[in-house]
Amino acid sequence: MTSAALFRTTALAAALAAFGTTPTAYAADIKLGAAEALSGPAGQYGQSIKNGFELAVEEINASGGVKGGKLVLQIEDEAGKKEQAIDVFKKLIFQDKVLMVFGPTLSNSAQAADPIAQAAKTVVFGTSNTADGITSIGDYVFRNSVTEADVLPETLRVSAKVAGIKKVAVLYGNDDVFTKSGYDAFKKALDDMKIPVTTTETFAKGDVDFKAQLTKIKASNPDAIVLSALIAEGAPIMVQARQLGINLPFIGGNGMNSVKIFDLAKDKSDNLWVGSPWALGSQTKENQHFVVAYTQKYKAAPDQFSAQAYDAMSIVAKAIVKIKITGNLETDRKSLRDALPTVTHTGATGAFQFRQATTKDGKAAGYDARQAAIVSVTKGGKYSIEK
Amino acid sequence: MLEQQLVNALSLGCVYALFALGFTLIFGVLGVINLSHGAVFMVGAYGALQVVTRFGWSLWASLLAALVISAALGLAIDYFVLRPLRKRNAPHLIPMIATIGLAIVCNNAAQGLFGAENLRFPSEMVPDAQLHFLGVQISVLEVAIIVLSFALMATLFVVMRKTQLGRALRAIAESPKAAALLGVNVEGLFYLTSATAAALGGVSGVLIALYSNAVFPLMGQPMLHKGIAVIILGGMGDIRGALIGGLFLGFAEVMSVAYIGSTMRDAVAFGLLFIVLLLRPQGMFGKVLERKA
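Chains A and B, in that order, give the protein sequences.
Take the first sequence: its position 263, counting from 1, is numbered 262 in numbering that gives the first Met the number 0, and each next residue is one higher.
Take the second sequence: its position 213, counting from 1, is numbered 212 in numbering that gives the first Met the number 0, and each next residue is one higher.
Rather than coming from a laboratory, the hints here were simulated on the basis of the structure.
Backbone N, C-alpha and C define an ideal beta-carbon position, used for all residues, glycine too.
Incorrect hints may appear among the rest.
[Claimed, not checked] Okay, derived cross-link-like pairs now, DMTMM-like style, lysine to aspartate or glutamate, Cα gap no bigger than 20 Å in a straight line: (1) K166(A) to D190(A); (2) K265(A) to D265(B); (3) K166(A) to E153(A); (4) K259(A) to E123(B); (5) K120(A) to D138(A); (6) K204(A) to D265(B); (7) K265(A) to D127(B); (8) K179(A) to E123(B); (9) K378(A) to D265(B).
[As the list claims (entries may be wrong)] With beta-carbon atoms standing in for the labels, derived distance ranges: (10) A266(B) to K120(A): 17 to 25 Å; (11) Q282(A) to E123(B): 27 to 35 Å; (12) K165(A) to P121(B): 36 to 44 Å; (13) T197(A) to A266(B): 17 to 25 Å; (14) P121(B) to D86(A): 53 to 61 Å; (15) K96(A) to A71(B): 42 to 50 Å; (16) L92(B) to D86(A): 24 to 32 Å; (17) A128(B) to D95(A): 54 to 62 Å; (18) M192(A) to Q129(B): 33 to 41 Å; (19) H131(B) to Q282(A): 40 to 48 Å; (20) E57(A) to F273(B): 50 to 58 Å; (21) R53(B) to E82(A): 35 to 43 Å; (22) A350(A) to G111(B): 38 to 46 Å; (23) G326(A) to A71(B): 57 to 65 Å.
So that you can see chain A by itself, here it is in the shape it has in the complex (with noise of 0.2 Å):
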């Protein structure tokens, strides 16, 4: 939502409330909560997720908050570890008593941390969990990030397109959630397009090597690297594919989406292939206020983490004006989740809605975002788009 739209919505909605029934709830500041990996191996998109929603916060209270009340947004490290997030969520919805929550980070840990938001009937909102399955967990559970079995289809079909592949090995890391299903829906849209499979290689956290597996991959001779990896392991891969002189096409997973990779892996950071539902070049409006006043903010480039982080803060707002604050919790975190399917939203990321998601046996559970991918490779230091 642009500042000016929300302001006109916010206005709207406090001269409601000035007629309306129960003046004294309204003026009241809105507490949110955010769990997420500030700390630890995940602390880097963690640290872009906070920067992207303090941003959107400062936004939307410098024009006029909503509902005449500010957004409070209580932000809290769950060091990328279950057992933290768990914690950190009882900590943010039984004892800070925020309407809502964000987070966490990975999606190993929303798996853990979501049944909590969701037995206390509280919305959990992820602006960064692509694994399947986390809003099959319960009806409270939204997240705006595109999930990889929506994404990774386009980004392979671009770049096989475009660079003519015809044949791909595989390398994913097999002890993560994210990377796991990254590398089965990989497998998924592989299957699906009848593109062959030279050898599918893994690896673990804290790896240090590649070089094995990568040999290994050369001696099989295809056309590229799909690599399903977060960026610590991803950007060491790469380093090391080109020092072993394979200088091939790789198609990364959400993991790989990151400018870190350019700081990590140099100048053997080319020809890298990223879906993803946001792209720092995208020339639209909403995008290009929000580059700019990020980089204002942070003296840094913002990511798709923090970029959706931002829209994640944008689309909760919306949601909370469409309802009526009546400062009993339980009733109020029940109107803010029947309110948030209903939003829309064109923001750095593009036009968004909320799709359905089911559970295994198709009831009727949390929501999914959707919305298109814009498929990117590297060059240079630099994204450029292709699709």
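Starting from the known structure of chain A, fit chain B onto it as the hints suggest.
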């Protein structure tokens, strides 16, 4: 492909060996499983990275800085943590647990100071020249790691076996009390050992950070796990064992990736470890009921 995989195995094995040398040295002399060795390794890498990025030092100077910083940390750990525990005759488990705490403190301090994200040495500093021969690729850095781990192993081994200092250290390893009665400066040698082991850890931290292009607070953790396997395999506290154990693990991992499948890598590597220990519970070079330095 086989030639390349053999080279890969050799360099990975030497990476493990380089880490395990300091680890095994402390165990051999002090009888302590120092679980903060991974943190010392990380501190060495961060120390070098700091002098490089802040003061523009060269790679060699930064290696020296890492050596000094980590040796100082090792000395501090010995003085403030291990020595009081020795004085109280604390059972073996206590220093091990204390060093877990130390590792957590160091990891979190690094995270607070430098952030959780991966950092790397400036790319122009990393020697990424590649050597080609017989269709095999190896980087100059890998050659340096291989040469250094063999050279360090040989030096430590000779010092332990052939010098007065080594004799004193071995005497301490047998019985600190008896060594003290014979006029050996036991405390001084404990400090020396802790500092040397930490210096080795710090330098290997820099080399491995260069090799893997990644400096991050938890970088020592996976190395520590492999390091424990390596020194158990080689024989606890044995210098040669660190190198042989490291090479064994490196070859087992690489060969299982090459010929069995990478999903089975750790299963094969640690399965072999299990079999070796069934046949030789004392490790490759260990002797039953006798510590060797």
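These are the hints, each one checked on the structure:
no.	hint	in the structure
1	K166(A) to D190(A)	holds (12 Å)
2	K265(A) to D265(B)	violated (30 Å)
3	K166(A) to E153(A)	holds (16 Å)
4	K259(A) to E123(B)	holds (17 Å)
5	K120(A) to D138(A)	holds (9 Å)
6	K204(A) to D265(B)	holds (12 Å)
7	K265(A) to D127(B)	holds (12 Å)
8	K179(A) to E123(B)	violated (34 Å)
9	K378(A) to D265(B)	violated (36 Å)
10	A266(B) to K120(A): 17 to 25 Å	violated (43 Å)
11	Q282(A) to E123(B): 27 to 35 Å	holds (34 Å)
12	K165(A) to P121(B): 36 to 44 Å	holds (38 Å)
13	T197(A) to A266(B): 17 to 25 Å	holds (23 Å)
14	P121(B) to D86(A): 53 to 61 Å	violated (39 Å)
15	K96(A) to A71(B): 42 to 50 Å	holds (48 Å)
16	L92(B) to D86(A): 24 to 32 Å	holds (28 Å)
17	A128(B) to D95(A): 54 to 62 Å	holds (55 Å)
18	M192(A) to Q129(B): 33 to 41 Å	holds (35 Å)
19	H131(B) to Q282(A): 40 to 48 Å	holds (44 Å)
20	E57(A) to F273(B): 50 to 58 Å	holds (56 Å)
21	R53(B) to E82(A): 35 to 43 Å	holds (36 Å)
22	A350(A) to G111(B): 38 to 46 Å	holds (40 Å)
23	G326(A) to A71(B): 57 to 65 Å	holds (58 Å)
When held up to the earlier numbered hints, the structure conflicts with 2, 8, 9, 10 and 14 and fits the remainder.
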